[in-house]
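Participant: Next come the chains, spelled out residue by residue.
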Amino acid sequence: MRRNYPEKPDKVYFMGTCLADMLYAEAGLAGIRLMEREGVKVIYPRDQTCCGQPAFNSGFQEEALEVVLHLIHCFPKAYPIVVPSGSCGAMMVRHYPELFEGHPLEQKAIEFSSRIFELSEFLHHVLKISLKDQGVPVKVTWHTSCHAKRELGLGDEAKQLVKQLENVELKELEREDECCGFGGTFSVKQPMISGEMVLDKCSDVLKTGSDYLLSGDCGCLMNIQGSLEKQQSRVQSMHFASFLWERTRGS
Amino acid sequence: MDNPCLKRVFTKLPEKRWVMFLDSGELETLRNLAGGIRRDTVSRLPDLLEELEPNCQQNGIQVHWAQTTEEANSIVLNIARKADAKLAVKGKSMVSEEMELNHFLAENGIEALESDLGEYIIQVDHELPSHIIMPAIHKNREEISEVFQKKVAPAKKSDTAEEMTETARQVLRDKFRRAELGISGVNFAVAETGTLCLVENEGNGRFCTTMPRVHVALMGIEKVVGKLEDLPPLLTVLTRSATGQPITTYFNMISSPRQDGEKDGPEEVHLVLLDNGRSRMYEDELLRDTLLCIRCGACMNHCPVYTRIGGHAYQSVYPGPIGKILTPQLEGIDTAGYLADASSLCGACVEACPVKIPITDILLKLRHKKAQSKKEHHWTELEGAKNLFEKITWKGWKFAFSQPWFYRMQASILSRTAQFLPDQLPMLRSWSRFRMVPRFSEKPLHQLVEEAGIAEE
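So the sequence lines, in the order shown, correspond to chains A and B.
If you count the first sequence from 1, you need to add 1486 to reach the working numbering.
If you count the second sequence from 1, you need to add 1 to reach the working numbering.
Everything labelled a hint here was simulated from the structure, so no lab data went into it.
Ideal Cβ positions, reconstructed from N, Cα and C, are used throughout, including at glycine.
Hints may contain errors.
Said to hold, decoys possible - Covered stretches of chain B (chain A as the covering partner; in silico rule of three or more C-beta atoms under 8 Å from a C-beta of chain A):
id	stretch
1	124 to 132
2	143 to 151
3	367 to 373
4	426 to 440
Unchecked claim - If you want the ones that stay clear, here's a sample from chain A, every Cβ over 10 Å from chain B, calculated:
id	residue
5	R1489
6	E1493
7	V1612
8	E1732
Could you put together the complete structure from these sequences and hints?
Facilitator: Rendered as structure tokens:
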């Protein structure tokens, strides 16, 4: 466990992230539904945009700071902030304190950071959800986000959630925690290296014989899904929140 | 990119390393211990160097300081000339690669022969090292055998590793006997005792530092440690991380030239301390951590980029993750800053590093420095245009993502139009070579939550 987790709160904020907003909107909504089902009121501030990671990781910290200044004002109350993406979570937890070093709003940024939870850790450690599988038997595999693991310090929370599903067989990747090659602008600045990496990740996925590839990071997911589709693979890529919700929603 | 040797590195070396650290708790304890020693050492670098110098001198080791690689080269040349040396045998030294010493000595009529087997192979084949620990790792046995057949001993059968080693041994033995000068690197220099430590497996390092009449040790100033008792933890993480060995075959501790009554050892020992930008790194609290490195190479063996492109692709002396942070600082952000971009920031290197260098944090800082750099005259027109394009892109991004109304409008337009974007657009082309263009959600999450009646505050 990366930290001491609080008691189950009445209300939480949901920080959807720009990638989930535009590419994995259903995953975002599924994350919200999973928490609502546990009796938690979920608030989605409409003015939220992006955690600032794309510019920050490219060396454009001043530009990132402007966007972050906007973002942290969208979450004024002391509720926990849940994020459906390990990499964005890591940006907010690990890098805001340094981004704001010496800034008049440094304390506010640190306080904001301390309220960030990645979705799987929140479901597992705070809401302690139990899931009742209603789906047909399938095989799935799991790709770990580098930043969730190495920057945020998450363990296998998401896999624990998936393992609760009776009819789901989890097939582990041979190199689960090897980078998929996305790396934000890395994928376009170093396209050949990034391409080799995602091809290797895909062949690892295909070797498991899984029906689904699950991940908790929209960047990795967009990358691996794009490559699997390019290869016309039958493996479906899905955010774990969508997967958990689809299999337990009961309709 | 499809080099089977690299694939071997990729699977075998990390495995060998993990066998050395079966207990993850123990690994963490050792990393904390070794990292702590290095941090403490580097934070006291100026003091420790001032302690090292007189203690070496007291032992009879002559100490030379070099600000630049040029200075270091001319120091070595002067020593060689005084010794009337025509032939120098070298142990493995990355600092000598940094100085391009072999080339410099050759220009001045002195042959410098690499005696580490891997270094010897690539020297014979006129290549540069592709790894800091295993310089010839990019070559397989057949390729090396071919080098031996063509360039070392055409008359000899050199098919197996044993045969090739035997051939090299015979060539090198003769050189060891004749060389007037021995050159080595330094893994650790102990300040309190004035001792130079050398870690190696082949015995060539001991040969270089004992057979020739004069020994020159080359050392980056960060290799100093305070006390003898600092050595065991550093040594153990170094050998386990580098080659998966609990200890190397040879560990040399050189504390003086030959003393009266001793049967071997050089008459003179010189220590050349090279700065070459290191004190500049020392000035910055974060960049200083670059100096923690003990050159084990674990970051390379665990790096998904290095293991796919190999060391030569970096076009610098130090490849891999450590090279990406070291080279831009040694050569300048304007000439080598691009190396900091060749990372997905996955952090596998940080996880592997036995002294816990925050490589990804340093990469981010270097990227920031590069983005801020004004020295555009160094760039070619294309680089200049790319840089300007990137600057404008992030300015536009800043606007779009800090104005919620604009952001929502853009998300909503993209969700309706992105499917019609041709995948041959310049930005998308490099992406779509390996992947389909991302499919946008039919409705952005903003819209879904609105329709679902999710609270907004």
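Participant: Each hint needs a verdict: does it hold in this structure or not?
Facilitator: Here is what the structure says about each hint:
no.	hint	verdict
1	124 to 132	violated (count 0)
2	143 to 151	violated (count 0)
3	367 to 373	holds (count 7)
4	426 to 440	holds (count 11)
5	R1489	holds, 18 Å
6	E1493	holds, 21 Å
7	V1612	holds, 19 Å
8	E1732	holds, 15 Å
In summary, the structure is inconsistent with hints 1 and 2 from the numbered list given earlier, while agreeing with the others.
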